[in-house]
Every structure is written in structure tokens, then in C-alpha cells.
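Visitor: Each chain is listed here by its residues.
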Amino acid sequence: MKFAIALYSAAHAPSSRRALLFAQAVLAGGHDIVRLFFYQDGVYSASNNIVAPQDEQDIARQWREFVSQHQLDGVVCIAAALRRGVLDREEATRYQRSAVNLDAPWALSGLGQLHDAIQDADRLICFGGP
Amino acid sequence: MSTLHVLSHSPFTDSRLDSCLRICGAEDAILLCGDGAYGLQSAALQGKGVKVFVLAEDSQARNLPLPDWADSVDYPGFVQLSVDYDKVNTWL
Numbered sequence: 008m009k010f011a012i013a014l015y016s017a018a019h020a021p022s023s024r025r026a027l028l029f030a031q032a033v034l035a036g037g038h039d040i041v042r043l044f045f046y047q048d049g050v051y052s053a054s055n056n057i058v059a060p061q062d063e064q065d066i067a068r069q070w071r072e073f074v075s076q077h078q079l080d081g082v083v084c085i086a087a088a089l090r091r092g093v094l095d096r097e098e099a100t101r102y103q104r105s106a107v108n109l110d111a112p113w114a115l116s117g118l119g120q121l122h123d124a125i126q127d128a129d130r131l132i133c134f135g136g137p
Numbered sequence: 013m014s015t016l017h018v019l020s021h022s023p024f025t026d027s028r029l030d031s032c033l034r035i036c037g038a039e040d041a042i043l044l045c046g047d048g049a050y051g052l053q054s055a056a057l058q059g060k061g062v063k064v065f066v067l068a069e070d071s072q073a074r075n076l077p078l079p080d081w082a083d084s085v086d087y088p089g090f091v092q093l094s095v096d097y098d099k100v101n102t103w104l
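Sequence order for the protein chains is A and B.
The opening position of the first sequence corresponds to residue 8 in my numbering, with each subsequent residue numbered one higher.
The opening position of the second sequence corresponds to residue 13 in my numbering, with each subsequent residue numbered one higher.
Isolated chain A (complex conformation) (with noise of 0.2 Å):
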């Protein structure tokens, strides 16, 4: 069964985390994931400047080890990603911004990828919110 993913919270929430755990899950199941896309506070998990304490999970890293060790889709919604200051290169030459926060295997993106995902998958799985 084909999964999309969609990741609403930042990396500190636990719903970030149960994203996490869940994808994985997914594909231990022997399902797909078409795509994972993260959205609103959902950005900041895909940063890679987050820095966790030490006596804490670092999720953002384990999202990246994720995404990048199973050659996922994993979008970030761009308008999301811009007003919250989770920038690539090119967008931040484009704002001519001095942070560049977002590099692979993230890919910034636009909502219809998101809508693109719902209508490539059998199930949409939304995380968000505690």
C-alpha cells in the first residue's frame, strides 16, 4: 500500500517523533511511502540548523538519516519554509538572506506536491499538534 505523509509539527514535538516512528514502521511493513511532506511548523523538522540537547533525541537528524537512507520524497512546503526562515541556497541568495539552513536530501516545494502525493497514495497520514 502506498503511503503520503504529512508532518505538521517541528522536530521538538513528539508528534514529530510519532511521524517518525510511524514512517519507519511503514516501510518495515513492506509498504511505500510516495512522499513525506512537511508543512506550517513541520519546516523546522527538516532544518539542519537545529541543535538538541544532548540528553535529548535529535529527530531533525534522524528525519534526515531517514529520508536520506530509504531515498524518500521529502518535500518542505516552501511558502511554510520561507516565512518561518528555513531557507536552501537558492532562496536565500534570491532574499539575499546570510542562513542557509536547508540542504539534502529536503527538496522546498509547493503545496500542490502535497495534493500531488494525496492523489498518488492509497492513504494520507497527517501529524501534527502534542
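Since the hints were made in silico from the structure, they are not lab data.
Note that the structure is a prediction, hence the values are computed from the model and not measured.
From the three backbone atoms N, C-alpha and C, an ideal C-beta is built for every residue, glycine too.
Please note: incorrect hints may appear among the correct ones.
[What the hints assert, rightly or not] If you anchor each label on the Cβ, the simulated ranges turn out as follows: (1) B:86 <-> A:117: 46 to 54 Å; (2) B:35 <-> A:36: 22 to 30 Å; (3) B:61 <-> A:107: 49 to 57 Å.
Fit chain B to the supplied structure of chain A, relying on the hints for placement.
Guide: Here is chain B on its own, set in the frame of chain A:
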């Protein structure tokens, strides 16, 4: 068409669970996770006849006993529920 409703907010802090129960159909089920697991201690769910699941790690982390009207699932079980039900509606 069956729907799995996923709740992660405590029913003691907002009205999501009540709203969910109002639209919950006969074939639907509720999965409690995060602070939503406190729904196990809410009178709102008892005797409603709606199928209730709770994410095991969240009920265990909160030391919530599992009532006989609820079932506990791990993450592979969560994935299976999302396959078994036609749609998954998360109460964000």
C-alpha cells in the same frame, strides 16, 4: 466508508474528543496517542460502543491502565489500522 480518528490532545484540555465522537460512525474507530491517551480515563469514551485503540508507548509512559473497552497497538499495529480503515483523520 470507515475512518480511523487519531487524537493526540488530552480530552481534559479541549473538546476535540467530544467533537470527534459526534461525527464518529458505526464503522469508525479512535486511536489515542500522545496526551490523547488520557482519553482512557475520560468518561466520554466509556459505553459509547465506538472501537478505541491506544498507542502502547503513550499509555505506558503515562502509566494508564488499559480498560477492557480499549486495545493497545504498537507502531506496526498503527500502520495496520491505517490499512484496515479506509481513511485516517488526524485531529490536528
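Visitor: Given a hint of 22 to 30 Å, does the C-beta separation of residue 35 of chain B and residue 36 of chain A actually sit inside it?
Guide: The hint (22 to 30 Å, Cβ to Cβ) holds, given that residue 35 of chain B and residue 36 of chain A are roughly 29 Å apart.
Visitor: Falls inside 46 to 54 Å, the C-beta gap from residue 86 of chain B to residue 117 of chain A?
Guide: Since residue 86 of chain B and residue 117 of chain A have Cβ atoms about 35 Å apart, the given range 46 to 54 Å is violated.
Visitor: Go ahead and decide if the range 49 to 57 Å is satisfied by the Cβ distance of residue 61 of chain B to residue 107 of chain A.
Guide: holds (54 Å)
Against the hints set out earlier in the document, a violation occurs for number 1 only.
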